[in-house]
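Undergrad: Hey, can you work out the whole structure from these sequences and the hints?
So the protein lines, in turn, are chains A and B.
Sequential numbering from 34 applies to the first sequence in my numbering.
Sequential numbering from 3 applies to the second sequence in my numbering.
Where hints are given, some of them may not hold.
Unchecked claim - What the simulated footprint calls covered on chain A by chain B, stretch by stretch (three residues with Cβ under 8 Å from a Cβ of chain B suffice, anywhere in the stretch; the number is not a length):
no., segment
1, 49-57
2, 65-78
3, 86-98
Worth flagging that the hints you see were computed from the coordinates, not collected in a lab.
Built from N, CA and C at the ideal position, the CB exists for glycine as well.
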Amino acid sequence: MRQVDRDTCMHCSACVGTCPFDAITLFDMHIVFNEKCVDCGMCDRVCPVGAITPIPGTERLKAKVRAAA
Amino acid sequence: METMERHSYDVVVVGGGPGGACAAREAAKAGLKTLLVEKRQEIGTPVRCGEGIATAWLDQIGVQPGKEWIANEVDGARIFAPNEQYITLDAAQAGNETGFVVERDLFDKFLAREAIKAGADMWVKTNALGLVMEGGVPVGVHARKLNKDVEIRAPVIIAADGFESRVGLWAGIKTQLKPKDIEACLQYRLVGVDCDPRYNDFYIGSNHAPKGYLWVFPKGEGEANVGIGVSLAASPGLATAKNCLDAWIKRHPGYAKGKSIEDVAGAVSVSQPLKRTVADGVMLVGDAARLVDPLTGGGVANACVSGMYAGKAAKLAHDAHDFTATFLQCYEKMWRDELEEQLMRNYMAKETLSKLSDDQLNKIVDALQDVRIDKVTTLEILKAVQAKYPEIVKEFEAMLAA
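TA: Take a look at the structure:
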């Protein structure tokens, strides 16, 4: 599961099209990850402005649980 | 629970860019009840494009150049080597790949208007969320229209949902790209720069843009789109596109003094076209079908052309009452006959280019200084390089044989 810096994000959808798992959706100006995310990190690499980063530590597990709920 | 709105059309087109608008226009013109949906609240924004387009194909889709969406007309292109020695190509030499620098937001609105004038229905702020399936076959799309869930029934679904295409995935088409076939892009529209409005400039080599290129497309006197595409294969860290673009601008005082009035981000595929662009009831057009020219990263022309063909195929399918993938192969054949060879050739060219070292690129551009060639083709380049740097041609051969 990744986190998006919403101040940096330009909601360009580069991550949506790059994600091999259909795990990202753009809703208006919000990039939303779903439970299909496997933390492959392709989105970090494609983001032209570096707005996507891994969620560190146990926060990651909590985010996964939230997405699955 | 709120009641779901249901609507019924002959064709639903997902995505209000140039490909979707051309598809909707063609289908509506043929008398089909057509709906075009766009997830954003406004057609054409945010712009996600370098805005340089060729001119030759406009005729084919029946569009006259319009003053309101043309910012600048260029005479040709300049290719800058890593050491910034450059060659100048006029329009014919560049294979008519350059022509206009457009205002994409206005161009997209113009095409959307054309679709509406032809009779298409249009909904903005409508996000497609999935396919409506019946007996294992797609018969429409689920969408969120403003704050309502809607079901749009249509036996033909045209996926013009761009780089971020998901309709294709939902229909079981493999649309995923390899990292080396994705370019992360960033562009600033800079005001107050020293640019030559006569040329679109392309900077190649790892110091400009690793496995991609940097462009300067002048919007007019003193104003240009300065942008970069870098391959994911060359982007190990965060924000590679931004870091490379900022560093390049800083090194070029004529551009460093410019101020951005628009930041544009996005990604583009530089892949081979999809192996399959149809499924039962579904056709993929433009960027969604990975029809972007892999060498130039230009997608608008192929989106419009393939969109037009998808609109024609939709009419044929309705006439035949046959919406199977087998029947929709007619769409696939139309675009492949016209576009596939060039796409494959340019994919090879891109692959070769991405393997060249900066030293090799410098020598190629240097060798091309001395010759006058009518049209830039791989063969012409090889001939010129052979004359001055025969050892490089040997390296090419080894590379092509590998």
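Undergrad: Each hint should be assessed against the structure and marked as holding or not.
TA: Hint by hint, here is what the structure shows:
1. 49-57: holds (count 5)
2. 65-78: With 3 residues in contact (Cβ-Cβ under 8 Å with chain B), the coverage given for the segment 65-78 of chain A holds.
3. 86-98: Since three or more residues must qualify, the claim that chain B covers the segment 86-98 of chain A is violated, with 1 doing so at under 8 Å.
Violated hint for the displayed structure: number 3, the only one.
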